[in-house]
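Chemist: Work out the full structure: start from the sequences and follow the hints.
For the record, the sequence lines run as chains L and P. Numbering follows full-length UniProt numbering, with no gaps: position 235 of the first sequence is 235. Numbering follows full-length UniProt numbering, with no gaps: position 326 of the second sequence is 326.
It is worth saying that the hints were derived from the structure and are not from the lab. Cβ atoms here follow ideal geometry from the backbone N, Cα and C, with glycine treated the same way. Among the hints, erroneous ones may be present.
[Unchecked claim] Here chain L is said to cover these stretches of chain P; the calculated rule only asks that three of the stretch's residues, wherever they fall, bring their Cβ under 8 Å from a Cβ of chain L:
1) 202 to 216
2) 287 to 299
[Unchecked claim] Far from chain P, by Cβ distances over 12 Å, these chain L residues were calculated:
3) 68
4) 101
5) 115
Take a look at the letters that make up each chain.
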Amino acid sequence: MSAPVLSLRGVSKNFGGVRALVDVDVDVREHEVLAVVGDNGAGKSTLAGVIAGAFRPDGGEVLLDGAPVVLDSPAAARTHGIAAVFQQLALVDDLDVVENVFLGQETLRGPFLDEIAMEREAWGLLDQLAATVPSVRQPVRTLSGGQRQVVAVARALLGAPRVLVLDEPTAALGVRQTAEVLNLIEKLRERGHAVVLISHQAGDLQAVADRIVVLRLGRVHGEFSGDTSYEDLLAAMTGAVRPARPGGPARAASGPEPRERRAGGTGAVHR
Amino acid sequence: MSVPGRTPGAALERTTTGALSGTVVQQLRGAHLGMLPIVGALLLIWVVLGAVNPAFLSAENLVNLTLQSAPTGIIALGVVIVLLVGQIDLSVGSVSGLAAAVLAVGTVGLGWPVGLAIVAALSVGVVVGMGYGLLSTRLGLASFVFTLAGLLVLAGVQLRVLGPKGSINLPFESWLVRTVQQGFLAPAVAWGLVAAVVVGYAALRVADHVRRVRAGLPSPGLGRAAVRTGLLAAVLVATVAYLGTARGIGYTVVLFVALVVVVDVLLRRTRWGRSVRAVGGNRRSALLAGVAVRRTVVSCFVACSTFAALGGVLAAGRLAAANQGTGGADTYLTAIAAAVIGGTSLFGGRGSAWSALLGVLVIQSIANGLTLLNLDTATRYIVTGAVLLLAIVVDMLIRGRREI
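Modeler: Following this line, the structure appears as structure tokens:
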């Protein structure tokens, strides 16, 4: 197995009194899709935010190629080759598609924006995603949920990042576009990108995940191979069982809390 | 998997937001109408006022109107910038008054050269804007609160600077006063400028068209470029020709329009301008997209206060005096109202530099026209207020419907 591009070592993050992440270790490798799953409030989006520079961890460190880096802003993460699609997409409704795709990384021609180059590249990215956006000069507020998602993914792909974090990338998509995004994730893996996929969708995981990390109550509650059945994952997510694999982090076996049985069952997976 | 699927029909994916109803209506309602409603309103006001009192449309009166509009318009231009980034500055009047006071005390009291005094006055604006920017970005305070405090504090400082006399006259032979009061473009220069602007605009349009076609992108086409160039030429020629029958185009008016054009280009064609609109539209999204939010917000406060200071300098030049009333009373309300009437949203993200020009023309036309009709200040306030209310209602309707 190749050396990890990005590693989280003992990362913790608190929001007020809420411990969103507790001592999390995660490795992300090139040519690999790492899926992160967990129940609501397990800390998935916080983990995505830490990797993408949106949240600064309270403890632990982030290593890029083995060297510690400080990702104190999304822009900083971007310059380190880490791009993200956030769950809320982070689009600006009043800006059009091109403006959103290139926001924060505009192409310049002298001191001015090179609208024509950006428009061309935006079309290229959207075609790659098989997107059906009627016009790239339309404010994104006029787009459907699926189209908005595609715009957000296109933005993340800009500049071919090494690590791509996708937080629920298919949640708002139709069948065809979900397939396209999954296709795309596989393509990204073939090209050598490291992909962190955060998802609830069983289909997504079975289709593309190489490794699956289960988060529960902010802790890593086990690491599974990509072909693990969804039922086993569900059990781990809800805390019904301890991690089965001996290779899983030791602390994950530190024992289910008494309350955990309450959450047992598939009902806990809905959004 | 490069499926070139651009057919709009297939775009109607199952949506979770259900926001796609009535796309055409939404587009019509969007920014594409742009400046048309306000231009229409301005023409309507002119027709009505001209019908009631033909003196309103006389060239001499319109020259006066442009001269009255310039200082407040420059302040309104700053307000547009700060509104676009999603903030507000209520203290622009006090800043302009303080700048005028600094200018007057510097030149008359301390004997500075006028140029130095102007620089000092503008620096007041820069410093105030930096202070606001830090209060906003570092402490996270709401801008309407700390600029309200600034309004009071700076009005006090203005009185202190002016001293016990409370009024300082600028010498009429000062070049600032001469330029502002009596500086008009020579006809040859005015026509030369018109020609240069029209040719330059046409050239830019054609170059853009050629690049777009070469890049294989849809272009609005040369026909549309010709129409727009023709419209621009018609407006400029009519303005210069008609105002030229009186005193012509004042230097301050040229400065104001030039600043509007520069700010418009900065807002639409530079990275800074895009950041401003993104931060104003959705601050969190802009941050997540990697926009330098704090720097953008600070720059907007600085720009706003500096334009306010410049407006104060020009107002002092126009009056040939700075007094306790400079920048007081309704200056800040007029400037903010002008920006909003011109179509810049109070909620950030939407607007244009041109709304400062059009908005201030609407307000000053009303003020000027009602004064010609011998109507009192009370009527002027009421009418201006009603127009402002109308503008805000229109803005709310556009925004409100959009977010259902």
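Chemist: Now, for every hint given, state plainly whether the structure supports it.
Modeler: Hint check:
| no. | hint | verdict |
| --- | --- | --- |
| 1 | 202 to 216 | holds (count 5) |
| 2 | 287 to 299 | holds (count 6) |
| 3 | 68 | 21 Å, holds |
| 4 | 101 | 10 Å, violated |
| 5 | 115 | 8 Å, violated |
The structure fails hints 4 and 5 (numbered hints given earlier, in ascending order).
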